[in-house]
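Student: Hey, can you work out the whole structure from these sequences and the hints?
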Amino acid sequence: MDWRSEDRGNAIVAAPVGAVDHDSAEDFEKNLTAAMRQAAAAGTPLVVDLGGVEYMSSVGLRALMRVAKEAKTGSVRVAVANLNETMLEIFQISRFDKIFPVHTSVDAAVAG
Amino acid sequence: MLARFWGTRGSLPTPVTSPEIKTKLVDALLAANGRRFADADEARGFVESELDFAVSHTYGGDSSCVELDLGEGEFMVLDMGSGLRRLGIDALRRFGEGRAKTFNIFMSHLHWDHIMGFPFFTPAFIPGVKLNFFGGHDQIEQALRRQQEKISFPVPLDFMNAERTFTALTCGVTQEINGCRIELIKQYHDNDSYGYRIEQNGKILVYSTDSEHKGDDAAAEDAFVEFFRDADLVIFDTMYSLGDSITMKADWGHSSGMIAVDLCHRAGAKRLAMFHHDPLYDDKTLDGLLDETRRYEALMRRDHALEILCASDGLEISL
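Protein chains in written order, with my numbering: chain A, 14 to 125; chain B, 3 to 321.
Keep in mind that the hints were calculated from the coordinates and are not lab data.
Please note that a few of the clues may not be correct.
[Said to hold, decoys possible] Which stretches of chain B does chain A cover? Using the computed rule of at least three CB atoms under 8 Å from a CB of chain A, they are: (1) 216-230; (2) 238-252; (3) 257-268; (4) 275-289.
Quick caveat, the model's predicted, so the values are computed rather than measured.
Beta carbons: idealized from backbone N, C-alpha and C, even for Gly.
Tutor: Right, dumping it as structure tokens:
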């Protein structure tokens with residue numbers, strides 16, 4: 014899957030592009046883990062910009078959770094931003110909206 | 003082939019309470035809004051067609067027990083939760099109609115909620131009845147015997163007059179039992195559990211309860227997809243939300259409706275029955291979970307639609 018990662022100094026912003034499902038979840042987890050470890054090394058939060066994600070299946074959500082759990086052990090704050098309507102519904106159905114801080118913009122996510 | 007649900011609740015029987023019944027009656031009266039009914043049939047039609055399921059029915063409270071009714075011959079039973087008691091009573095009626103007095107009982111595992119119905123299974127006390135137990139575990143007899151030790155129950159296993167056989171099944175080996183092709187798969191659950199794929203006359207039923215899917219092993223997930231392949235009905239453990247199942251309830255051995263949908267979509271399964279309901283959930287909550295799971299299915303659907311229903315005690319699904 015397409016992937017952009019940016020070091021903003023005060024946060025690592027990871028931006029996957031495309032659908033996150035059975036075919037792409039492994040790639041998603043690998044890239045997100047790398048971004049999270051970059052944030053851990055820099056001592057900054059990790060913001061996952063989901064603006065380019067069309068949808069995410071349970072496989073992708075479970076990968077996101079595994080990375081978040083590793084982030085917690087390294088005291089890295091993880092936030093998500095820019096969810097489209099489909100992704101907002103998926104977060105509500107999965108109750109991920111109760112687990113992750115969901116922000117309407119990357120700037121808001123960085124600010125926490 | 004008919005799937006008949008005798009118990010759909012997980013972990014513990016969960017009887018509907020008087021306050022819950024009162025709430026249903028109030029909601030029904032409000033929905034009727036003063037309407038008059040000419041007779042019981044007309045009132046029944048209103049109840050069946052115009053009220054939400056959670057108002058007019060209950061998903062039920064007995065723990066896991068599903069019958070696969072082949073229409074004739076021997077009985078096929080999946081798990082012996084508290085729902086087994088009522089199956090036993092109904093079986094007596096069917097004995098009277100000439101039904102064979104043999105039960106083939108397939109155990110997902112031996113946790114209490116899946117065996118607690120057996121001491122109250124009337125056919126087990128009748129000479130001439132035959133009980134054939136099958137499972138991935140080789141401790142079925144031990145589990146039943148221990149459950150009926152004097153400290154827990156007044157009637158020991160050996161007081162029950164039905165003939166008993168116990169057969170441990172092996173994953174990857176297809177068995178022919180009572181005219182059905184039976185396969186099983188090991189599942190992630192404390193002390194393991196086993197799912198069943200049962201084929202007969204071109205119809206396929208999958209029973210997969212008490213199974214957690216962590217999603218961190220692609221090959222393991224692929225194996226489940228193949229196990230579910232082209233199933234006419236998948237009965238699946240949808241006990242928790244996805245979020246709960248991988249956070250505070252991780253390693254509790256249960257799954258979610260979203261995981262069920264994703265596996266069924268990949269497998270090309272036709273119908274999904276949500277099963278093993280959390281005792282914390284009332285009927286309205288289960289109605290809501292069904293709506294959410296159907297919505298997720300619609301969002302994720304790519305090539306074929308998956309029909310989704312929420313299993314309730316007394317439900318029958320024809321395959």
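Student: Where does the structure disagree with the numbered hints, that is, which hint numbers, in rising order?
Tutor: Hint check: 4 fails alone, others pass.
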